[in-house]
Amino acid sequence: DAKTTQPPSMDCAEGRAANLPCNHSTISGNEYVYWYRQIHSQGPQYIIHGLKNNETNEMASLIITEDRKSSTLILPHATLRDTAVYYCIVGPYGGATNKLIFGTGTLLAVQP
Amino acid sequence: GAGVSQSPSNKVTEKGKDVELRCDPISGHTALYWYRQRLGQGLEFLIYFQGNSAPDKSGLPSDRFSAERTGESVSTLTIQRTQQEDSAVYLCASSKDGYEKLFFGSGTQLSVL
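Top line first, the protein sequences correspond to chains A and B.
Take my numbering: the last position of the first sequence gets the number 112, and nothing is skipped along the way.
Take my numbering: the last position of the second sequence gets the number 113, and nothing is skipped along the way.
These are computed hints drawn from the structure, not numbers from a lab.
Only true hints are included.
If you want the footprint, here are the derived chain A segments under chain B, 3+ residues with CB under 8 Å:
(1) 42-54
(2) 99-112
Some chain B residues close to chain A (C-beta under 7 Å, calculated; not the full set):
(3) Gly-42
(4) Leu-43
(5) Phe-45
(6) Leu-91
(7) Lys-101
(8) Phe-104
(9) Gly-105
(10) Ser-106
(11) Gly-107
Please read these numbers as outputs of a predicted model, since none were measured by experiment.
Ideal Cβ placement from N, Cα and C applies to all residues, glycine included.
Put together the whole structure using the sequences plus the hints.
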C-alpha cells in the first residue's frame, strides 16, 4: 500500500507556481521523500528527492516540514508541458528495498 | 543507449498465450526494475535485479510471471497463459547502482483479448 496521501487532481494557471502537497505521516527516520511525474503515455520521470532539508534543482523545489510528516513540491513557473500525474513516494534510499511504491498521484492540469 | 528501451511498444494477444516483453536498460546501470500499471492506477512493483545478486521477486503476482536478466544487460518479462486481468502497461526502469534515481522506459501496452 502507498504510504502517502495526495489530492487526486489540481489546476494551475500557466506561468504561476504549482504547489503540490503530500502527506506522509508514517514516514520513518531512514525514509526519503521522492517525487516523480508521468506525462501521458510515457514512463515516470524523476523530479527530486530529499530526507529532511529543503531541496532545489532545475526542475522543482521540495519543501519538507520539520516533523517530516508532509512535503510540498513546487514548480515555480508552470507550463503546459508540466501537465502530468505527480507521484509522491517515500522509501529507503536505494538497494533492494528501493521498490518505490507508487500510488495514484495528483493529476496536475496546467491551464493556458 | 540514451535511455531505457522497451519492446514491443504494444502487444495484443489472445487469452492463454504466452508473451515476452523486453527491456534494454541504460548501459552501465546495474539495477533493473519491472512495474505494472493498470489503467488509471499507480505503479505496482513486480521484480528487481541488482548486479549478480538473486532477484527480488516479491512483487510477482503469480507463478505465471517470470523474469530474467542476462548479466547487467537485457531483461525479459514472461507472462505464461495470459489472462484478461494481465492487460496493463508494463514499465521497466533502471538505475545506476540501485541507489540513484530511476530512469523509466515508455512501457509495453499489453492487451489480452
